[in-house]
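Let the hints inform the model, and build the full structure from the sequences given.
If you're matching positions, the sequence shown starts at 1 in UniProt numbering and goes up one per residue.
Hints listed in this document are in silico derivations from the structure and should not be mistaken for laboratory results. Treat the numbers as computed from the prediction; the structure is a model and nothing was measured. Some hints here could point you the wrong way.
Derived Cβ-Cβ restraints for the label pairs, each shown as a range [to be verified]:
hint	residue 1	residue 2	range
1	Pro17	Val41	16 to 22 Å
2	Pro109	Lys46	46 to 52 Å
3	His61	Pro110	54 to 60 Å
Quick list of in silico lysine to aspartate or glutamate cross-link-like pairs, DMTMM-like style, CA-CA up to 25 Å [stated by the list, open to error]:
hint	residue 1	residue 2
4	Lys36	Glu23
5	Lys46	Glu23
6	Lys51	Asp34
7	Lys67	Asp34
8	Lys57	Glu23
9	Lys36	Glu21
10	Lys57	Asp34
11	Lys37	Glu26
12	Lys37	Glu21
13	Lys16	Asp34
14	Lys19	Asp34
15	Lys57	Asp45
16	Lys46	Asp56
17	Lys37	Asp56
18	Lys46	Glu26
19	Lys37	Glu15
20	Lys16	Glu26
21	Lys37	Glu23
22	Lys19	Asp45
23	Lys70	Asp45
24	Lys13	Glu26
25	Lys70	Asp56
26	Lys36	Asp56
27	Lys67	Asp45
28	Lys13	Asp34
29	Lys46	Asp34
30	Lys70	Asp34
31	Lys36	Glu26
32	Lys46	Glu21
33	Lys67	Asp56
Cβ atoms here follow ideal geometry from the backbone N, Cα and C, with glycine treated the same way.
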Amino acid sequence: MNLHRNIRRRFQKGEKPFKCEFEGCERRFANSSDRKKHSHVHTSDKPYNCKVRGCDKSYTHPSSLRKHMKVHCKSPPPSSGYESSTPSLVSPSSDCGRDPPQAPPPPPPPPAASSTQAAANLSEC
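Now the structure itself:
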């Protein structure tokens, strides 16, 4: 049986074979990745970091960071604006929380009139 089918079967049956490994915690999970995300609540590890310049917030769970991103964005995409030491969930097409694009530089000023041209203009007066 392939891995995805096995995970789907566990989910549908409500099976949760992955028990939290911290003493005293009875939480169980259908897959090991959810158990790993949960483990951060028992440590000081906060791998989900806000990428907005000047903001140093970090969180134990990606959903907490998504909630925080509402502070920076009018309508945040479902999973953007953060980086983690765990596999990335950041949408590469999202620009929420990033610096705005730089405006192009202004055009150069027109060249100054030469002194002979300026003298010719004065003689016409």
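Against the structure, the hints:
no.	hint	result
1	Pro17 - Val41: 16 to 22 Å	holds (20 Å)
2	Pro109 - Lys46: 46 to 52 Å	holds (51 Å)
3	His61 - Pro110: 54 to 60 Å	holds (58 Å)
4	Lys36 - Glu23	holds (15 Å)
5	Lys46 - Glu23	holds (20 Å)
6	Lys51 - Asp34	holds (23 Å)
7	Lys67 - Asp34	holds (19 Å)
8	Lys57 - Glu23	violated (28 Å)
9	Lys36 - Glu21	holds (10 Å)
10	Lys57 - Asp34	holds (22 Å)
11	Lys37 - Glu26	holds (15 Å)
12	Lys37 - Glu21	holds (12 Å)
13	Lys16 - Asp34	holds (10 Å)
14	Lys19 - Asp34	holds (10 Å)
15	Lys57 - Asp45	holds (13 Å)
16	Lys46 - Asp56	holds (11 Å)
17	Lys37 - Asp56	holds (20 Å)
18	Lys46 - Glu26	holds (21 Å)
19	Lys37 - Glu15	holds (18 Å)
20	Lys16 - Glu26	holds (11 Å)
21	Lys37 - Glu23	holds (17 Å)
22	Lys19 - Asp45	holds (19 Å)
23	Lys70 - Asp45	holds (23 Å)
24	Lys13 - Glu26	holds (19 Å)
25	Lys70 - Asp56	holds (15 Å)
26	Lys36 - Asp56	holds (23 Å)
27	Lys67 - Asp45	holds (19 Å)
28	Lys13 - Asp34	holds (17 Å)
29	Lys46 - Asp34	holds (15 Å)
30	Lys70 - Asp34	holds (24 Å)
31	Lys36 - Glu26	holds (14 Å)
32	Lys46 - Glu21	holds (18 Å)
33	Lys67 - Asp56	holds (15 Å)
Against the hints set out earlier in the document, a violation occurs for number 8 only.
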